[in-house]
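So you can see what is in the structure, the chains are spelled out below.
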Amino acid sequence: MKLSRGEKLFGATNVVVLGAVALLCLYPFVYTLSISLSTAAEANRDGFHFFPRDISLVSYRMVLTNPNIVTGYMNTLLRTVLGTSLTLAATCIAAYPLSRREMPHRAMLTFLVVFTMLFSGGMVPAYLLVKNLGMINTVWALTVPGMITAFNVIIVKNFFQSLPESLVESARLDGAGEWTILFRLYLPLSKPVLATVALWTAVGHWNAWFDALLYITDDRKQVLQTFLQRIVIESSTQMMELGITDTSIVQFTSETIKAATIIVTILPIICVYPFVQKYFVKGIMLGGVKG
Amino acid sequence: MALPVLVYIIIFHYVPMVGLVIAFKDYVMSDGVFGSAWVGWANFARLFGSNDFPVAIRNTLTISLLRLTFGFFAPVVLALLLNEVRQLGYKRSIQTLTYLPHFFSWVILGGIFLMIFGSGGPINGVVKLLGAKPVNFLSDDVWFITILVVTGIWQGAGWGAIIYLASLSGISPQLYEAATIDGANRWRQTLHITIPCLVPTMITLFILSLGGILTAGFDQIYNLYNPMVYDVADIVDTYVLRRMMGLDLSLATAAGMFKGVVGLVLVVGSNVAARKLSKGEQGVW
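Protein chains in written order, with this note's numbering: chain A, 1 to 291; chain B, 1 to 285.
If you are wondering where the hints come from, they were derived from the structure by calculation, not from laboratory data. For every residue, glycine included, the Cβ atom is placed at its ideal position computed from N, Cα and C. Certain hints may be false.
[What the hints assert, rightly or not] Here are the computed distance ranges between Cβ atoms for each label pair: (1) ARG92(B) - TYR27(A): 14 to 24 angstroms; (2) MET117(A) - CYS197(B): 20 to 30 angstroms; (3) VAL30(A) - ARG92(B): 49 to 59 angstroms; (4) LEU175(B) - THR180(A): 22 to 32 angstroms.
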């Protein structure tokens, strides 16, 4: 295809503009990484901090030896693994009957699921429910209430419905029951959509903080995001949170410690991101399908 | 198989809806949800008679409308620009970077932006370089709202563009071939083919964002705000949380219920309107 001069000029400008947009998306993370690796004096210097000129790992040592951060890491890992497993199992079990045409009251059941996307009881009734079920200060409070979401159920249901009906018919002739059809036939064929749901849920759990703020009051059960929140946002008390009482080491600016805590928190996501992002993108396409 | 799922959905999604009755009660924890005394609409009267709830609604609407005005088209523009890139590897790299911010919580992003807009951050570094005094971006009303809107677009535009890119790849190439034969240049093609083909997706997303008009981004605001900007940044959700922490559970529930009902009415209403206007062709369902 032959391009006019205007089109060529637009093409070149477009490439530059998009490059700038991408850099703008990346810069806050580069800045944080750079500050986290800086000495206190270097972090206080005015500038863009693309690279630290004076490197120090002291803030990482302080963050990684902080017992709260270690506890938070373990608790976040637990909720992520447990929560993702529960969501995957429950979503499949919920999606399967809704995908079957012979299911009685299918339309009404689907409506019950979809309606939860449009309306909910809100913060207070949800809190009272979790409290009355005795889940406060347990990992169940962080994994069970959000276990089945309408969005996940709908995309898995749609995927199941796209599988050929003849597969089910021949399995039935071979004497397979509903559970066998779901676990031995549907699930192996549904790996892409299950990977998408699993990755979404896992990232969601890693990032979740609000439920922990409401439901977890015991610091031994608290998640990483909440500790990060205390260090970063409640900056006046940050030194206490980190357990720094020896004033001789307070010379390390809080900025480098904040930055190091942020990097430690986002590292797992950054590490898996390049490998899993295609599944995320696939998921949004599946979710975008109407009906 | 459907039974355990049904039980779960009823317990964790519908029982809380029944719990909304405490919006019409004077909830006392020791009496329980059903033992507490009925008070009719008194909690709602108290809510709208107070000073801070109407302010919270006004703030929520202001922030939401600013986000819609400046943010709604950002993913569309980004998708259109990405669609014009011929180098596929470059396009993919740009995309990967633009939706990176979507993968982090506002605890993380809030922490980063508090540093970047803080007194020692790079933005104030530029301000100082220009010879001006450092600005307290995060405690100034106008700057704070600007930061909310801009960082919100920064986080969401790349992710939002994915769905438009999917719609773009679904447009039949024949339309473009026909337009080329008719002598339409790329700009004309964009104007008369590409953009009209995106309109149904835009309507769907617009309907969904209308439902969230009283939401205004709780995670972001909670992790960025401070008492200095409460007068413009206190939204319905932060109001509910503060009332809840203050143990005024009936009032908090009433405020949350008001938000939920308005959201429901808006989504259903705008969907009906979109279907009527397009004679049944458009709408979310």
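A quick look at each hint next to the structure:
no. : hint                                      : in the structure
1   : ARG92(B) - TYR27(A): 14 to 24 angstroms   : holds (20 angstroms)
2   : MET117(A) - CYS197(B): 20 to 30 angstroms : holds (27 angstroms)
3   : VAL30(A) - ARG92(B): 49 to 59 angstroms   : violated (20 angstroms)
4   : LEU175(B) - THR180(A): 22 to 32 angstroms : violated (47 angstroms)
Of the numbered hints given earlier, the model fails hints 3 and 4; all others are met.
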